[in-house]
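Since the structure of chain L is already known, use the hints to place chains A, G, C, Z, S and E on it.
The residues making up each chain are set out below.
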Amino acid sequence: MKGLRRLVLDVLKPHEPQTTVFALRLSEIKNVDGVNIHLSEIDQATESIKITILGDDLNYDEIKRVIEDLGGVIHSIDEVVAGKIIVESVRTEQD
Amino acid sequence: MKGLRRLVLDVLKPHEPQTTVFALRLSEIKNVDGVNIHLSEIDQATESIKITILGDDLNYDEIKRVIEDLGGVIHSIDEVVAGKIIVESVRTEQD
Amino acid sequence: MKGLRRLVLDVLKPHEPQTTVFALRLSEIKNVDGVNIHLSEIDQATESIKITILGDDLNYDEIKRVIEDLGGVIHSIDEVVAGKIIVESVRTEQD
Amino acid sequence: MKGLRRLVLDVLKPHEPQTTVFALRLSEIKNVDGVNIHLSEIDQATESIKITILGDDLNYDEIKRVIEDLGGVIHSIDEVVAGKIIVESVRTEQD
Amino acid sequence: MKGLRRLVLDVLKPHEPQTTVFALRLSEIKNVDGVNIHLSEIDQATESIKITILGDDLNYDEIKRVIEDLGGVIHSIDEVVAGKIIVESVRTEQD
Amino acid sequence: MKGLRRLVLDVLKPHEPQTTVFALRLSEIKNVDGVNIHLSEIDQATESIKITILGDDLNYDEIKRVIEDLGGVIHSIDEVVAGKIIVESVRTEQD
Amino acid sequence: MKGLRRLVLDVLKPHEPQTTVFALRLSEIKNVDGVNIHLSEIDQATESIKITILGDDLNYDEIKRVIEDLGGVIHSIDEVVAGKIIVESVRTEQD
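Residue numbers (my numbering), protein chains in the order written: chain L, 1 to 95; chain A, 1 to 95; chain G, 1 to 95; chain C, 1 to 95; chain Z, 1 to 95; chain S, 1 to 95; chain E, 1 to 95.
This is chain L alone, in the form it adopts within the complex:
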């Protein structure tokens, strides 16, 4: 296991296609082991979703392409995990 292991993306999307379609398409990308899509906010025309992708040597550009093909826009990369071991963020007193 190496390279990108987990990505957390803040994405804006129209209501269609629905999140089940995003999750299925992303889960079919090579090296992706699992996908979680959380609804953050829902507006009249759009939805803010948080996408968590787990895998091995993830290809960020292909993930981005699939999201954009479905009409989504990546607003920010909220977390990136890379390397042999999945490292969790440590809570500090500066948080």
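Don't take every hint at face value.
[To be verified] With a cut-off of at most 20 Å between alpha-carbon atoms, the simulated DMTMM-like pairs for lysine to aspartate or glutamate come out as follows: (1) A:K30 / G:D57; (2) A:K84 / L:E28; (3) E:K84 / Z:D33; (4) E:K30 / S:D57; (5) E:K2 / Z:E28; (6) L:K2 / S:E28; (7) E:K84 / Z:E28; (8) G:K84 / A:D57; (9) L:K84 / S:D33; (10) G:K2 / A:D33; (11) Z:K84 / C:D56; (12) Z:K84 / C:E62; (13) S:K84 / E:E62.
Rather than coming from a laboratory, the hints here were simulated on the basis of the structure.
Leaving out everything else, chains A, G, C, Z, S and E in the frame of chain L:
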């Protein structure tokens, strides 16, 4: 294991049939391993419930059909998990 | 394991019989593995209790009958779990 | 394992005998496996304590008698667990 | 294993001897397996500390004597655990 | 295992290169087992990120050099773990 | 295993030497298994750090000497653990 693995649905329903009926019917759908229904809010004529469905290669359209046959309306898909591994949403400082 | 697996009931009861009697009677119902009764609120004549019942293929109607025989009234079904696997409710940003 | 398995009691007691005496006496009752006494509030003449008793087929009347013999008064039964399996209370959105 | 198994004591002490001395002395008492001393508050002349002592058949009077020999005063016994099994306090809605 | 085992760094960086590049480069440094980069704050021109690096006998100077080569500035070292065992920070009442 | 097992120290230090140097030096002391240094507060000339040291039969005086040699001052001993078993502080309703 593949496809849709967990769905969290925000649903509005009339008081009848009661949630035990919803849970039993949904648990009998093919590929569903378990169902949790949480009462979120109760009004004079309706109830807001949160349905969590766990399984393998879940069929969203059939789940939706069963909920609607029982008089429920899906307001939003609050979480979707897909793929070989069940991925939990990562808490970020943007949350 | 199948059918109803866990029920969380919001119940109003008079002070007598006391909750130990409710817990024992409910634990003796067929297919019930365990019962937890939590005191939520206590008033001059009544008590609000939260009853959690764990088992396999639970019979809701019999549970309801036992509660009513003891003078209790079910105000709401706060959670229902059904199926082969006990599924916990997932915390979402909509909660 | 059956019958009453865990009791949480809200008790008022004078300062003497001290809580170590309550804990030891209650732990020596038949079928009791362990006792936890937590100090909730301390006043000039009295103390509010929360007593958690774990065991198998607990005898509530004998537990009550021991507490009263030591000068304590049971204000409320805050939790009762009964049956083959120790069931924890489920946190719901109604809490 | 029996008798007193865990004690949590609220103690007031002068700055000297320091808490490392309290912890070492208490850990050398017969039947004591481990000691944790947490600083709660620090004043010009005194310190409030919380002492947690784990063991088997603990001798409260000897523990008290050691604390007093070192210049400490026990303000309250905040928790007592007794019996074969270490029972944790259960959080209730009355807390 | 010895030396520096985990570092948590508060870093300011321009938007480019993006955090996936930081995570990959840092994960390729000798002795690094894994890297987590969390987005703390996003401004018009810069991003505050928290970098957690796990490994064995980590070389702080090389890590710093890689971060600076990518245009990042280390604002503070929020946590350092060293030695044979990874020790977590203990929450105290002074926190 | 015996004697002092874990120490949590509140220390004030100048910016130099940096915390990585403190962690490495402390981790090299005899009987020390691991060290965690958490940044609590940062000022123009000084830093407040929380040092957690884990080991067996720790020598407090040597630890203090190393901290002072590096220019640090111990403000308080926030936690001490001693004995065969590492005992965690129990949260009580008095906290």
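A quick look at each hint next to the structure:
no. : hint          : in the structure
1   : A:K30 / G:D57 : holds, 18 Å
2   : A:K84 / L:E28 : holds, 10 Å
3   : E:K84 / Z:D33 : holds, 5 Å
4   : E:K30 / S:D57 : holds, 18 Å
5   : E:K2 / Z:E28  : holds, 9 Å
6   : L:K2 / S:E28  : holds, 9 Å
7   : E:K84 / Z:E28 : holds, 10 Å
8   : G:K84 / A:D57 : holds, 16 Å
9   : L:K84 / S:D33 : holds, 5 Å
10  : G:K2 / A:D33  : holds, 9 Å
11  : Z:K84 / C:D56 : holds, 13 Å
12  : Z:K84 / C:E62 : holds, 19 Å
13  : S:K84 / E:E62 : holds, 19 Å
Of the numbered hints given earlier, the model fails none.
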